[in-house]
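Residue numbers (the UniProt record's numbering), protein chains in the order written: chain A, 1 to 313; chain B, 1 to 313.
No lab work stands behind these hints: they were computed from the structure.
No experiment lies behind these values; they were computed from the predicted model shown.
The C-beta atom is built at its ideal place from N, Cα and C for all residues, glycine as well.
Please note that the accuracy of each hint is not assured.
To be verified - If you want the footprint, here are the derived chain B segments under chain A, 3+ residues with CB under 8 Å:
(1) 145 to 157
(2) 191 to 202
Unchecked claim - Pulled from the structure, derived: some chain A residues nowhere near chain B, Cβ distances all over 10 Å:
(3) V41
(4) A65
(5) E93
These are the residues of each chain, in order.
There are 2 protein chains.
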Amino acid sequence: MASSEEEQKKATIIDGKAIAHTIRSEIASEVQQLSTKHGKVPGLAVIIVGSRKDSQSYVNMKRKACAEVGIKSYDINLPEKVPEAELIQKVQELNAHPDIHVLAFVLLKISFAGILVQLPLPAHINEENVLNEISIEKDVDGFHPLNIGKLGMKGRDPLFQPCTPKGCLELLSRSGISVKSKRAVVVGRSNIVGLPVALLLLKADATVTVVHSRTTDSESIIREADIIIAAAGQANMIKGDWIKPGAAVIDVGTNAVDDPSRKSGYRLVGDVDFEQACKVAGWVTPVPGGVGPMTVAMLLKNTLDGAKRKIEQ
Amino acid sequence: MASSEEEQKKATIIDGKAIAHTIRSEIASEVQQLSTKHGKVPGLAVIIVGSRKDSQSYVNMKRKACAEVGIKSYDINLPEKVPEAELIQKVQELNAHPDIHVLAFVLLKISFAGILVQLPLPAHINEENVLNEISIEKDVDGFHPLNIGKLGMKGRDPLFQPCTPKGCLELLSRSGISVKSKRAVVVGRSNIVGLPVALLLLKADATVTVVHSRTTDSESIIREADIIIAAAGQANMIKGDWIKPGAAVIDVGTNAVDDPSRKSGYRLVGDVDFEQACKVAGWVTPVPGGVGPMTVAMLLKNTLDGAKRKIEQ
Numbered sequence: 001m002a003s004s005e006e007e008q009k010k011a012t013i014i015d016g017k018a019i020a021h022t023i024r025s026e027i028a029s030e031v032q033q034l035s036t037k038h039g040k041v042p043g044l045a046v047i048i049v050g051s052r053k054d055s056q057s058y059v060n061m062k063r064k065a066c067a068e069v070g071i072k073s074y075d076i077n078l079p080e081k082v083p084e085a086e087l088i089q090k091v092q093e094l095n096a097h098p099d100i101h102v103l104a105f106v107l108l109k110i111s112f113a114g115i116l117v118q119l120p121l122p123a124h125i126n127e128e129n130v131l132n133e134i135s136i137e138k139d140v141d142g143f144h145p146l147n148i149g150k151l152g153m154k155g156r157d158p159l160f161q162p163c164t165p166k167g168c169l170e171l172l173s174r175s176g177i178s179v180k181s182k183r184a185v186v187v188g189r190s191n192i193v194g195l196p197v198a199l200l201l202l203k204a205d206a207t208v209t210v211v212h213s214r215t216t217d218s219e220s221i222i223r224e225a226d227i228i229i230a231a232a233g234q235a236n237m238i239k240g241d242w243i244k245p246g247a248a249v250i251d252v253g254t255n256a257v258d259d260p261s262r263k264s265g266y267r268l269v270g271d272v273d274f275e276q277a278c279k280v281a282g283w284v285t286p287v288p289g290g291v292g293p294m295t296v297a298m299l300l301k302n303t304l305d306g307a308k309r310k311i312e313q
Numbered sequence: 001m002a003s004s005e006e007e008q009k010k011a012t013i014i015d016g017k018a019i020a021h022t023i024r025s026e027i028a029s030e031v032q033q034l035s036t037k038h039g040k041v042p043g044l045a046v047i048i049v050g051s052r053k054d055s056q057s058y059v060n061m062k063r064k065a066c067a068e069v070g071i072k073s074y075d076i077n078l079p080e081k082v083p084e085a086e087l088i089q090k091v092q093e094l095n096a097h098p099d100i101h102v103l104a105f106v107l108l109k110i111s112f113a114g115i116l117v118q119l120p121l122p123a124h125i126n127e128e129n130v131l132n133e134i135s136i137e138k139d140v141d142g143f144h145p146l147n148i149g150k151l152g153m154k155g156r157d158p159l160f161q162p163c164t165p166k167g168c169l170e171l172l173s174r175s176g177i178s179v180k181s182k183r184a185v186v187v188g189r190s191n192i193v194g195l196p197v198a199l200l201l202l203k204a205d206a207t208v209t210v211v212h213s214r215t216t217d218s219e220s221i222i223r224e225a226d227i228i229i230a231a232a233g234q235a236n237m238i239k240g241d242w243i244k245p246g247a248a249v250i251d252v253g254t255n256a257v258d259d260p261s262r263k264s265g266y267r268l269v270g271d272v273d274f275e276q277a278c279k280v281a282g283w284v285t286p287v288p289g290g291v292g293p294m295t296v297a298m299l300l301k302n303t304l305d306g307a308k309r310k311i312e313q
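Starting from the given sequences, assemble the full structure and let the hints guide the process.
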């Protein structure tokens, strides 16, 4: 991991889309094997509350990705005003009685259905209450506090790792970047990315620092990192001169910035100034096309793994 | 947090014994209030398997500490060869039916009994299996993965924080040392100290780095810390010149080293070279008499808090 300034060596762009495509092919082939050998396929139940356009679009993406690899997904649409208790009851039904979807489980030969509640939920519903209800055996998003605890603890393994953090580590390992004994800096400490990715890196023997909104000298700390995981949600926050030459930069940020040259009026950028990073880093993920496709691929992987565990029982 | 080398300023010694004594007095007075107001006191059930001398001695210490503040403790002694299933059954009984200790609960007016399984357990018993069985409402040690997950997650709070990590933060706050935006380095990543103390510091807005046995440059990383939590279990590992002048040093290590001048043939030292640290640090905890007494005080605090929660329900 070294470069000289004269060389102006270009970073290797980590092509998340291509890696995710490879992983999806691997999953498709495993699903095919399950189907041939056991006559069963994995399922994914997606609960959507209300009709937010962004949520609909994420759910559509997940539905398509499932279909592509042979995972049977089915949506449960609940109205915007659904009472929390009713949503929780729906989760409990999915936990306890897969046979309430007799048609799906018998006709489609589903062996296991992961449960995913699309976030965010409407303001009148307490997300924690709902997510805590998902059986940890079906929590393919891996957000349950019990899963997070096991993620961090030595000698314990969660049933599912959260999809985005898992995708970050997969990008590193499939790019041949070793984590062990490396200095890793995680920028951000959210429950869905920063915290769990820090725990995963620690378990993989990296020396991990978490910087966040209350950190006074993020820039100098980030500059010491061999591996940067940027998950702050701040457009172009990390400049080229914040990056140690040769470092691996995984950009989890997805920020919309105004762009009058586009029909939509905006474009998506990461937390890292990509052009600058390309001149300094050893590896860098683009936005879009880096971490994003991996999140969906890891959701499929978790769903497959849940089904395999169920069949092996 | 600055000092000049000429001054040879001595660090403030954080007197854990005195702070723990203050906390115990506070607890005793709260227990007295509970007893007066509700006619109930907190209880602590301690399960001991076998007859390890060190375990017996820890349990005695806890028993005495409970008695001193008015918490009713009772021991459940199980033979060394007790089958795992039988131990788990005992835990489940304590979870579900406080009234199996009718005598204790009625005569002694116990409102709540925390459950503590003294570690280590004999080799034929899987500790994880046993600890996972303790109801999280009674897990006064705070070691359940669900508690650890909530400890780390934003917006979630565990019912109980593990005693030693909680004791470390209490030592800092009662010494007037602010954690927010400080660089904290945790040395060690064990489930009972390193990991949870890192999560607590992160939640308290410190910028946290965890170094461990696979870290290649611990020394230079530790030197950047405003707050050092040493929990590596390596006698005198951290030298004076590893410490930034003025830093706060919390030494969790308790290591026996040979000392022919003592009748016992050994003495206890921390992970930090105490004499050297005194010349550089702003604050330093001694071993013994630093973190140790705080662990027991926090156990009493957790037990009290559990009882208060029960009464308020």
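Hints versus structure:
Here's how the segment 145 to 157 of chain B fares: 12 of its residues keep a CB closer than 8 Å to some CB of chain A, so the rule of at least three is met and the hint holds. Chain A is given as covering the segment 191 to 202 of chain B, and this holds because 4 residues of the stretch bring a CB closer than 8 Å to a CB of that chain, at least three being needed. Every CB of chain B lies more than 10 Å from the CB of V41(A), the least distance being 31 Å, so the non-interface label holds. Every beta carbon of chain B lies more than 10 Å from that of A65(A), the smallest distance being close to 27 Å; the non-interface claim holds.
Chain B leaves E93(A) outside its interface by the beta-carbon criterion, the shortest separation being 23 Å against a cut-off of 10 Å.
Hint check: no violations occur; every hint is consistent with the structure.
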